[in-house]
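There are 2 protein chains.
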Amino acid sequence: MGKAFFCAMRFDMMRPRKIFLSLAILSALPSASYAAGGGGDADPIPTVLLALIVILAVAKLGGELVERLGMPAVLGELLGGVILGNLILLNPRWSFFEPLRVTPLQTDWAVIISALAQLGVIILLFEVGLEATVKGMMKVGASSLMVATLGVVAPFLLGFGVSWLFIKEIPPELAAIVPPGFSLNYIHMFIGAVLCATSVGITARVFKDLNRLQTKEAQIILGAAVIDDVLGLIVFAVVSGLITAAESGQPLAVGAFLRLAGVAIVFLGGALALGTLLIPKIMNQLARLRTAGVMLISSLLFAFTLSYLAGVFGLAAIVGAFAAGLILEEVHFRGFRDEIHLEQLIQPVAAFLVPIFFVLMGIQVRIETFANSGILGVAAGLTIAAILGKQICGLGVLEKGLDRLTIGVGMVPRGEVGLIFASIGKYLKVIDDATFSAVVIMVIVTTLIAPPLLKLTIARRERASNPRMRP
Amino acid sequence: MGKAFFCAMRFDMMRPRKIFLSLAILSALPSASYAAGGGGDADPIPTVLLALIVILAVAKLGGELVERLGMPAVLGELLGGVILGNLILLNPRWSFFEPLRVTPLQTDWAVIISALAQLGVIILLFEVGLEATVKGMMKVGASSLMVATLGVVAPFLLGFGVSWLFIKEIPPELAAIVPPGFSLNYIHMFIGAVLCATSVGITARVFKDLNRLQTKEAQIILGAAVIDDVLGLIVFAVVSGLITAAESGQPLAVGAFLRLAGVAIVFLGGALALGTLLIPKIMNQLARLRTAGVMLISSLLFAFTLSYLAGVFGLAAIVGAFAAGLILEEVHFRGFRDEIHLEQLIQPVAAFLVPIFFVLMGIQVRIETFANSGILGVAAGLTIAAILGKQICGLGVLEKGLDRLTIGVGMVPRGEVGLIFASIGKYLKVIDDATFSAVVIMVIVTTLIAPPLLKLTIARRERASNPRMRP
Numbered sequence: 001m002g003k004a005f006f007c008a009m010r011f012d013m014m015r016p017r018k019i020f021l022s023l024a025i026l027s028a029l030p031s032a033s034y035a036a037g038g039g040g041d042a043d044p045i046p047t048v049l050l051a052l053i054v055i056l057a058v059a060k061l062g063g064e065l066v067e068r069l070g071m072p073a074v075l076g077e078l079l080g081g082v083i084l085g086n087l088i089l090l091n092p093r094w095s096f097f098e099p100l101r102v103t104p105l106q107t108d109w110a111v112i113i114s115a116l117a118q119l120g121v122i123i124l125l126f127e128v129g130l131e132a133t134v135k136g137m138m139k140v141g142a143s144s145l146m147v148a149t150l151g152v153v154a155p156f157l158l159g160f161g162v163s164w165l166f167i168k169e170i171p172p173e174l175a176a177i178v179p180p181g182f183s184l185n186y187i188h189m190f191i192g193a194v195l196c197a198t199s200v201g202i203t204a205r206v207f208k209d210l211n212r213l214q215t216k217e218a219q220i221i222l223g224a225a226v227i228d229d230v231l232g233l234i235v236f237a238v239v240s241g242l243i244t245a246a247e248s249g250q251p252l253a254v255g256a257f258l259r260l261a262g263v264a265i266v267f268l269g270g271a272l273a274l275g276t277l278l279i280p281k282i283m284n285q286l287a288r289l290r291t292a293g294v295m296l297i298s299s300l301l302f303a304f305t306l307s308y309l310a311g312v313f314g315l316a317a318i319v320g321a322f323a324a325g326l327i328l329e330e331v332h333f334r335g336f337r338d339e340i341h342l343e344q345l346i347q348p349v350a351a352f353l354v355p356i357f358f359v360l361m362g363i364q365v366r367i368e369t370f371a372n373s374g375i376l377g378v379a380a381g382l383t384i385a386a387i388l389g390k391q392i393c394g395l396g397v398l399e400k401g402l403d404r405l406t407i408g409v410g411m412v413p414r415g416e417v418g419l420i421f422a423s424i425g426k427y428l429k430v431i432d433d434a435t436f437s438a439v440v441i442m443v444i445v446t447t448l449i450a451p452p453l454l455k456l457t458i459a460r461r462e463r464a465s466n467p468r469m470r471p
Numbered sequence: 001m002g003k004a005f006f007c008a009m010r011f012d013m014m015r016p017r018k019i020f021l022s023l024a025i026l027s028a029l030p031s032a033s034y035a036a037g038g039g040g041d042a043d044p045i046p047t048v049l050l051a052l053i054v055i056l057a058v059a060k061l062g063g064e065l066v067e068r069l070g071m072p073a074v075l076g077e078l079l080g081g082v083i084l085g086n087l088i089l090l091n092p093r094w095s096f097f098e099p100l101r102v103t104p105l106q107t108d109w110a111v112i113i114s115a116l117a118q119l120g121v122i123i124l125l126f127e128v129g130l131e132a133t134v135k136g137m138m139k140v141g142a143s144s145l146m147v148a149t150l151g152v153v154a155p156f157l158l159g160f161g162v163s164w165l166f167i168k169e170i171p172p173e174l175a176a177i178v179p180p181g182f183s184l185n186y187i188h189m190f191i192g193a194v195l196c197a198t199s200v201g202i203t204a205r206v207f208k209d210l211n212r213l214q215t216k217e218a219q220i221i222l223g224a225a226v227i228d229d230v231l232g233l234i235v236f237a238v239v240s241g242l243i244t245a246a247e248s249g250q251p252l253a254v255g256a257f258l259r260l261a262g263v264a265i266v267f268l269g270g271a272l273a274l275g276t277l278l279i280p281k282i283m284n285q286l287a288r289l290r291t292a293g294v295m296l297i298s299s300l301l302f303a304f305t306l307s308y309l310a311g312v313f314g315l316a317a318i319v320g321a322f323a324a325g326l327i328l329e330e331v332h333f334r335g336f337r338d339e340i341h342l343e344q345l346i347q348p349v350a351a352f353l354v355p356i357f358f359v360l361m362g363i364q365v366r367i368e369t370f371a372n373s374g375i376l377g378v379a380a381g382l383t384i385a386a387i388l389g390k391q392i393c394g395l396g397v398l399e400k401g402l403d404r405l406t407i408g409v410g411m412v413p414r415g416e417v418g419l420i421f422a423s424i425g426k427y428l429k430v431i432d433d434a435t436f437s438a439v440v441i442m443v444i445v446t447t448l449i450a451p452p453l454l455k456l457t458i459a460r461r462e463r464a465s466n467p468r469m470r471p
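Protein chains in written order, with this note's numbering: chain C, 1 to 471; chain V, 1 to 471.
Since the hints were derived computationally from the structure, they do not count as laboratory data. Every value quoted in this text rests on a predicted model; they were computed, and no experiment measured them. One or more of the hints may lead you astray.
The list treats identical chains as interchangeable, and a pair is accepted whether it falls inside one copy or across any two copies.
Stated by the list, open to error - Pairs of lysine to aspartate or glutamate, DMTMM-like flavour, derived with a Cα cap of 20 angstroms: (1) K281 with E64; (2) K400 with E247; (3) K426 with D43; (4) K208 with E462; (5) K426 with E98; (6) K281 with E98; (7) K400 with E462.
If we strip away everything but chain C, and leave its shape as in the complex, we get:
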């Protein structure tokens, strides 16, 4: 451990100038000079290739650096993106990534990169859904359900409160498109929704590294996180649906609220019910096909179809992708000739597309917005709300003798899903550049502090219950 850490530090300390220089050179590479070699009108593909090269290299490099420091790779991808996008602050000529930072996107290559990132998100949520199963959710029981419910309600209310404290006017970009009666409460609700979702991957990793995945605390957290994902998606579906309606001039009505909640629940429930009934039959048919890659393509088709249908029902595509993952279970693929797990097949596609999303999120953070000190306040407020909100959910543990602090801390990391919500908020214009940056800071901080805090609380707990044992 010591050696690896030293190694990482050396990697970290001695190379930044070199890495930084290369990034700067790549960022400054004029894509225009190249297009001349192609022929005719501007072909976006060379620039797409260049952007992919830089983005994937930064994702892997950033991920590697932070993993060596014991942090999850996603953090390195985000931070790498923040550096790439903000190189322009050091030298106005390092503007290669600017086309990715304007809304709406104008340039063909930026549209393509953003689409790759969004396909990545759909595949990521599909993977998250695959990890969860309906049976698993039934099994974890009442404690997980209580923890999850509190873990959605408390951060939502706290996030609403922080937004109400700090955000006093509608951002100009949003004001330009909404009718006069548009209420600030929509923005508060959206920010509350962003704070709901737990990113359990990080916590699961820490428990696994400490060889504590089988403890009751770990089981409750993992169960709660799955239910939390479902509840968070429903809250998100309702809030974003209300905002879309409000932006087109419809007043906030209890009826609309109930209808949206109904659609979300019916969609998820219906997809689950139909899926559980139909999927085994469909898979039986597909298993008789002979061409290679049937398993992968039919799963992707299924994920894309539910994502598309979610949109038809007015929900976000990710809700459909998650439902698709929830429905598909390994067991349906037994008859297939490819003797390989579905996760293994999806993984390379995800490894290619998902980091593009996180680097892009980083690129879209505008460091200059922090000059406005109000934004640092929002970021601090959101981070505190995110942490406190999940501590409250420790109270939902029904069994006695369990460590509520560990459970609360385990639910803290926000990670992927919060970011995805925030990016959709940016698209809906309820979240402006400054607030988006604040959300990214909240995600980075909660993800950063959770692993060390978790190690501390687990050690403290085990010392207390067994004084002879050393951490």
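Got chain C; can you put chain V on it based on the hints?
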């Protein structure tokens, strides 16, 4: 076999109406009605999802149907695309795929789908390169080299001749952008180049199915096809470079020709030499990284980087992707913790992206151009030139007692690479819609006839050398 065939026929005969109807319904789905649910300005992602669903479903369905008939899956993907794209001839309202058929592409979603297809082509050529190794090319010896050289020169000359016979004027779209001195010979040269590349996958599959991969004939064909790929890419690089230069007004000069040939050879040779020296060292460094997916991402990075650099040198991206595959050998990955073959990791990404390209090529075929009977003549001429040209290369076999007819027939299928060249020709405007359709017909016919012909010649040969053996 009999039963499978019957099964396939039943599948083929009874379902078309149902399949056809579903395709029509999907094609008619108005993407606009959906966008309203999203919010704000038009988000291309729902339409991208819908297009991906239809394209991947048709690719798998078409691939499956033709594989059951003993044909390669790529043929089904192409034909499926032809049906999808030409549904509009039956009903003007089935126009969903029209945005993919205009050059240059205008709509965001079409730009995204086309970019996915192009990334697919880069990954496909990378895979083709991975299958070949420098050592393997050295080993196959003089016969393969002679067969490959004749197999490039003869189809080039015949293709040039057919184009010279049929194409008597510069297409209007091209005429509008080129200087007055632009010679028709460029078009003839390009069509000659399109006829060069052998698609050996199909032949390899037939030999494998017949359990004849170890025969001398099979070895010569496989070796020749690899050298053929390299020579074809060089011819293509030179011809497309000359055309790009001519389109910007530079006269055809022996100097330019030699310079382009030099760049292509130096690029491929330099990439090979540098790659062979540096890649093992770089891979050793990468093997020390800990994050998951290092092997996949570093290979993709390498392929993308060489593709981009090829463009910087004025060559097509696919030349770089092929060189990247040629350089990377399994052996470089020995130190990696992922205990899995590189091909296995690339395969899911390819399975997702590559069929998009072939369906798109089919979609871009305009059946109505065949009403112009001249085009059927061009198609017939090209097909005959493609077949004859590869028969000539049988003469390159130096050893006595080998079956030259089998070798010639084995080199007939054009498949992927010819199509990729044609699609670039369309982009350069040297190939118009009608000629593109003719090239697609040539690819379909050569791919269709090769497997049964090959089975015939192998059986004939074995009957001749061993009269007691029955086929």
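Results of checking the hints against the structure:
1. K281 with E64: For K281 and E64, the Cα distance is within 20 angstroms only across copies (19 angstroms; inside one copy 43 angstroms).
2. K400 with E247: neither (48 angstroms within a copy, 80 angstroms between copies)
3. K426 with D43: Between copies only: 13 angstroms across chains, 28 angstroms inside a chain, cut-off 20 angstroms.
4. K208 with E462: within (16 angstroms within a copy, 61 angstroms between copies)
5. K426 with E98: within (17 angstroms within a copy, 31 angstroms between copies)
6. K281 with E98: neither (48 angstroms within a copy, 35 angstroms between copies)
7. K400 with E462: within (16 angstroms within a copy, 81 angstroms between copies)
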